[in-house]
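Q: Here is what each chain is made of, one letter per residue.
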Amino acid sequence: MAETVNILVVDDEKGIREGCRRILIGEGYAVDVAENGKQALEMAKAKPYDLLLVDLMMPVMGGIELMEEVRQLDQEIIMIVITGFATVETAVEAMKHGAYDYIPKPFTPEQLVSVLNRGLERRRLSIEAEKLREERDQKLLEVASEKSKLHTIVNSMADGIIVINRERQLVLWNPALIKMLNLNVKLEPGKDIDEIIREKHLIEIINKAFSPDSSQYTVFSEEIELTGAESKILMVNVACVRDEQGRDLGVVSTFRDITGLKEVEEVKSQFVTMVAHELRAPLAAVEGYLTAYLTGVAGTDPQFNRQMLERARLRAQSLMELVNDLLQFARLESKKVARKKELLDMADIVINTVELMRQQGASKDLIFQLDIPEKLPLIEADRTEMEQLITNLVSNAIKYNVKNGKVIVSAIPNTHFLNIKVTDTGIGIEEESLPCIFDEFYRVQGPKTRYTTGTGLGLAIVKRIVESHFGLIEVESKVDKGTTFTVKLPLKEINKE
Amino acid sequence: MGKKRILIIDDDVDFIDLNRAVLENSGFEVVTAFSGREGMDKVKFELPDLILLDLMMEKHDTGFSFAKAIKADPRYKDIPILMISSVAGETGYDFSQDLDGYWMKTDGFINKPVAPEELVKRINSLLEGAKKG
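Read top to bottom, the protein sequences are chains A and B.
Counting from 1, one number per residue, gives the positions in the first sequence under our numbering.
Counting from 1, one number per residue, gives the positions in the second sequence under our numbering.
Hints may be right or wrong, so weigh each one.
Now the in silico label distances, taken between C-beta atoms and shown as ranges [unchecked claim]:
id, chain 1, residue 1, chain 2, residue 2, range
1, B, Ser-65, A, Glu-204, 24 to 34 Å
2, B, Ala-69, A, Phe-210, 27 to 37 Å
3, A, Val-323, B, Ser-65, 54 to 64 Å
4, A, Phe-368, B, Ala-69, 11 to 21 Å
5, A, His-416, B, Ala-115, 56 to 66 Å
6, B, Glu-38, A, Leu-309, 20 to 30 Å
7, B, Glu-38, A, Glu-263, 31 to 41 Å
8, B, Ala-115, A, Phe-368, 20 to 30 Å
9, B, Ala-115, A, Val-323, 42 to 52 Å
10, B, Ala-69, A, His-277, 17 to 27 Å
11, B, Ala-115, A, Tyr-451, 19 to 29 Å
12, A, Asp-480, B, Ala-115, 11 to 21 Å
13, A, His-277, B, Lys-121, 19 to 29 Å
14, B, Ala-69, A, Ile-367, 21 to 31 Å
No more than 30 Å apart at the CA atoms, straight line, and that leaves these computed lysine-lysine pairs for BS3-like [stated by the list, open to error]:
id, chain 1, residue 1, chain 2, residue 2
15, A, Lys-448, B, Lys-121
16, A, Lys-488, A, Lys-375
17, A, Lys-268, A, Lys-96
18, A, Lys-463, A, Lys-403
19, A, Lys-448, B, Lys-44
20, A, Lys-448, B, Lys-131
If you are wondering where the hints come from, they were derived from the structure by calculation, not from laboratory data.
Virtual Cβ for every residue (Gly too), placed ideally from N, Cα, C.
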């Protein structure tokens, strides 16, 4: 022991006391002496001792009584009895009262030291054992708290988790798993996994983690499709857990529901296909006209050849518009988070936008009419998006109008909304086409719209802008009479002035 | 023997205008239709020698159903149909007469964009085959 060992020698014979003291100090111990039990007890109360050497026969308080008292103070203290009556009876008596050993008088210094060392070794061991016990209790406490932490974490995960041992029995799971796999069997540790999971494919994946040739990889992922009441697609991650010798201990499988992601992916790839198709048609036309012009394969009539180039230019322009609309579309998507909204007077925006577009109606001799009151309540909106909205609606009103037609834009506030109406006196939209006009790339097909270029994105963009401003859009149309789009934008607040 | 009459059915006005010029310049007579419905009328009243048909029009499969209807009608089933598809390549779909002809009821496929010389060559060979048959 690194610390100094404290020994108390209790004997009424001064010779023995002093003799022991000298021997023990010589051995490197710290030694105190007492001449009777009472004195010794006081000293033991004041200072902790590792070992007591006790004479049994003493005045005032005898050895037996002392030992009983001291034992109360320290359970681990070593007490060795010095006795002149080296009989088996006294020895047994002393041991009963808590003595560790005894030394018959007279004894040699070697005998004393040897008995004493044995006693001290015993004390060291018992202290060590106590320490270990405390540590173990502490560890158990920590383990218990770790376990509950783990449980809390596992149970609050959105991903499903299932752990099985090498006998393919259930060890751990969480509520997300039950929900994800639609399990209706009662789960309990030790249950065979085949009784829990019905999907054969899933079992095969888990088995794969166990199979011997999986030694190269320990983690792999697969997508599985669950059919049933509601079909879903899950991403399964399977990891085999092994010990230091590389033996399988079990398999941890986690499940993530990626049905939503898959849907988004699908919509996206459909969109890409549509865009590719939409880009291809005008490009093919441009390429075809130019080829025909350059090779003369369509004849050499100069008027027709010039016409081809003009059509090629028109299609190239519409291609440019399409690309611009696609960019606008992408911007609307990414702006979902941060839209720059400010208080706007829509009167300015409508008047300025219509002014800019007036020229486009010139070839049809269109009449533009604006019905906007002096003072409009303000709305909270993104300025460029509002300009885009009016531009797209007025552009359609021009494109699908007839010669000498009219384009009327009006703004009417009511209690909660500002209603902006864009009306044309054009060709109108057939009833069966109305539900589709806001779809991406939808364009009404017919003899009257054949030479009208467009991207098929104008109204889709309008709808998105309106919806992102919590507004509504309505359409009324009569074939050969005209179409009216009504945009309802929520007012910022009822004017308090 | 008079000029061969070709019916072009496509919803892209530029495709029609351009190929009308190309085919007329190559000595064909050309009639046009912008939809499957209009095309059916033109088949009845103009009795073309060959139909140049776009696969995708108002609906994605308008070309298919049109071709099927023609091939099911004993009066018209011998009119060769050359199907133009623009879905090949980057969209991942591809068609060929050998693999898909048996169910698509057409006599030939050609991909958009169509090279004029190739188009004329294909039309001539289909007309040649029809004559023999």
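Q: Confirm or reject each hint.
A: Going down the list of hints, with the structure as the test:
1. Ser-65/B x Glu-204/A: 24 to 34 Å: Violated, at about 42 Å.
2. Ala-69/B x Phe-210/A: 27 to 37 Å: For Ala-69/B and Phe-210/A the Cβ distance comes to about 58 Å; the hint is violated.
3. Val-323/A x Ser-65/B: 54 to 64 Å: 33 Å, violated
4. Phe-368/A x Ala-69/B: 11 to 21 Å: Between Phe-368/A and Ala-69/B, where Cβ atoms are some 47 Å apart, the hint is violated.
5. His-416/A x Ala-115/B: 56 to 66 Å: Once the Cβ atoms are compared, 60 Å apart, the range 56 to 66 Å for Ala-115/B and His-416/A holds.
6. Glu-38/B x Leu-309/A: 20 to 30 Å: 28 Å, holds
7. Glu-38/B x Glu-263/A: 31 to 41 Å: At 38 Å between Cβs, range holds.
8. Ala-115/B x Phe-368/A: 20 to 30 Å: Violated, since Ala-115/B and Phe-368/A (Cβ atoms, about 46 Å apart) do not stay within the stated range.
9. Ala-115/B x Val-323/A: 42 to 52 Å: 26 Å, violated
10. Ala-69/B x His-277/A: 17 to 27 Å: For His-277/A against Ala-69/B, whose Cβ atoms are near 24 Å apart, the range 17 to 27 Å holds.
11. Ala-115/B x Tyr-451/A: 19 to 29 Å: 25 Å, holds
12. Asp-480/A x Ala-115/B: 11 to 21 Å: 41 Å, violated
13. His-277/A x Lys-121/B: 19 to 29 Å: 26 Å, holds
14. Ala-69/B x Ile-367/A: 21 to 31 Å: 46 Å, violated
15. Lys-448/A x Lys-121/B: Measuring from Cα to Cα gives roughly 34 Å; hence the hint is violated.
16. Lys-488/A x Lys-375/A: 17 Å, holds
17. Lys-268/A x Lys-96/A: Roughly 88 Å between the alpha carbons, so the hint for Lys-268/A and Lys-96/A is violated.
18. Lys-463/A x Lys-403/A: 28 Å, holds
19. Lys-448/A x Lys-44/B: 24 Å, holds
20. Lys-448/A x Lys-131/B: Roughly 38 Å separates the two Cα atoms, so the pair is violated.
Checked against the numbered hints above, the structure violates hints 1, 2, 3, 4, 8, 9, 12, 14, 15, 17 and 20; every other hint is satisfied.
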